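Chains as they are written, first to last, in the working numbering: chain A, 1 to 434; chain P, 435 to 659.
One should not assume that every hint holds.
[Unchecked claim] Label pairs and their in silico Cβ distance ranges:
1) A:63 <-> P:477: 44 to 52 Å
2) A:215 <-> P:620: 45 to 53 Å
3) A:249 <-> P:556: 40 to 48 Å
4) P:556 <-> A:255: 17 to 25 Å
5) P:496 <-> A:98: 33 to 41 Å
6) P:516 <-> A:101: 58 to 66 Å
Keep in mind the hints are simulated off the structure, nothing from the lab.
Please read these numbers as outputs of a predicted model, since none were measured by experiment.
Idealized CB from N, CA, C, for every residue including glycine.
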Amino acid sequence: VIAGAGIELAERVVRAAARPGDQGVELFLRHIEEAHVDLVPGLRGAATVAGSGLTVAARVWRHGRCGFAAHPAGREEEIAALVSEARAAAMAGGTEAPVPVDVSAAAAGLPRGAELSEDLAHQRAEELRAGLVEAGLPVQVVLLRQRRWCDTVVSLAGVRTEERHTLVTGSARCETERGITLHVVESADIRNGWDPGRALRHAAEARAVIAAASGREPDRRLPLVLRPMVASHLVAGLGWMLRGTTAAATPGLPRAVGRRLFPACLTLVDDPAHAAATLPRGVDGEGRPALRLELVGEGVLRGFLHSTASAAALHDRPNGRALRAAAETPPAPAPVGLHVCPRGDRAPDDHVELTTRLETLSTMSRPGVMNLTVCGWEVRDGRRAQAVGPFDLHLPVLAALRALRGVGNDLELVFEAERTGTPSLHLGPEAWTS
Amino acid sequence: LLFHEICGHPLEGDIVASGTSYLGSRIGSRVAPACLTLRDDVDSPRCVAGYELDDEGAPPATARLIEAGVLTEPILDAASAAALGRNSNGHGRRIDYLHGAIPRQAHTAVAPGAGDAAALAAGIRYGLLVQRMRLRHMSTATGEFGFYVTEGRIVRHGEIGAPVRECAIRGSGLATLERIEAVGADTCGFFGGGGCNKVDQGPLFVSFEQPSVRIGSLRVDPGLR
């Protein structure tokens, strides 16, 4: 029903389904094709599953309240029924969310994504497994996920956007004698641009430090150097704190806009066109253009990631970060290309260098506090003297980044940390006790 | 949740067959005192998300994970059963049409013993009553685990006392099983609200039933909050 005709269909349904008293009607359609390979080396086999589907989400505003409904759908009348369901939800109380207004009328779609390939998916999964085994890691499972989807947003307010994406993600879970390591490769095309080199380099690094590690505690009088695989989780934590929804629940943050919260070496940008991004976006889930945002500029807090609703809560302007984690969920603020700008500062001669994170189910044990299990090296006179860890590292996000002393030039996009980009971060010894 | 994590996942057939389960090579051996019996029992009246056929069309049988302290059998779908030379016990589950069936737990149940939390606390000089917790980490290869304790109380001289601030417990699966001292009769059913997310396939709704269990010692880390 939808392929190639999503916008026209959605416009027709929105016009036909609108009723007097509706302040706004919005339809979001996600048509997705997927082909997955699960490789379990212990079973000496792989499972391949492929399929496609359409999920539609409707929002209707009445009397200042917003109703939401979402379902898989196939026929036009099912989509129209969804609008009625959302209207009923609004009339039953709904949520407080303003109608998106002043939204761009249209946004150009990105080129149609690359074709999926089950054969190549098998090959890529096997290559990743073999590379990790060669690096010395015991691979428990490799998951290769290919997704190609088209997001369409149409509203009574004049939004009319369609955007296509392809994303291939290979992730491997390795069970080592010291804990679990996770290694992820991402690409926008399974044929071109698929490069497991970064993941395999980190796998070898993890193997080396785990083999050398004896559980030794680090010298907490030394400064810290967080390599990208560890630093990215701290930066992702800051990204979470700078979502409009988090800021609205943390009154101190909005009051700090325009003030220097961090040392001047920290500049944090959310840029959907970042060169290393595998998931570029032109518009968000409300149809608003997703432009480059400077969230922290030379240590000064500039602002937050916003959807229409979170911006209204903070009397701010929406900035194109209303994303839908899944088609069945309403849009909420999230970053699209978060990264710390590299500088090339030199690390101190003596420091604790953290290179590897062992997998835990959550990285933020309490709001605003990162809790990581890490290993690395004690570095003396610029040389790795001995391995340290695994040990627990507790870093309150804001306090730890106030201890930032320098930023390296080794910017890396870390898929294992929500696609967060960061170079090495150099923290003063006060970060240990922050 | 403790037994779902430290016994259930390491006894899922794909993990056992992969050779990366700390319990895999111990099937048939005693790993806990005779007071511990643990099953994955879809037929239990406390099972929240039961099923009559698994997602490969097989009827579910109770998976007898630990019988009177002896590690007995894994949780199996067709593929892992074939790899291990066993028959499926009907635990092949798919999260949706885009994922293949893999061995999953449904309702992890500890068989009741005698007494309740207060009775089990009697005789404890200094201890911790854990009432609510959430997973921090679990390694199926080593059995090392950690949980955040979000609700708990201090036990002093057998008396359950004041609430504790959020802390964490951690330990090794084998040592923890060995240190089980008693199993109560105050069985409660629990619904795993966040679901199970094994290999990125979640949330699969699962449930548990368990009486109070006394464990001789675990590392409590007040700094891990």
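Verification of the hints:
no. : hint                        : in the structure
1   : A:63 <-> P:477: 44 to 52 Å  : 49 Å, holds
2   : A:215 <-> P:620: 45 to 53 Å : 38 Å, violated
3   : A:249 <-> P:556: 40 to 48 Å : 43 Å, holds
4   : P:556 <-> A:255: 17 to 25 Å : 52 Å, violated
5   : P:496 <-> A:98: 33 to 41 Å  : 53 Å, violated
6   : P:516 <-> A:101: 58 to 66 Å : 59 Å, holds
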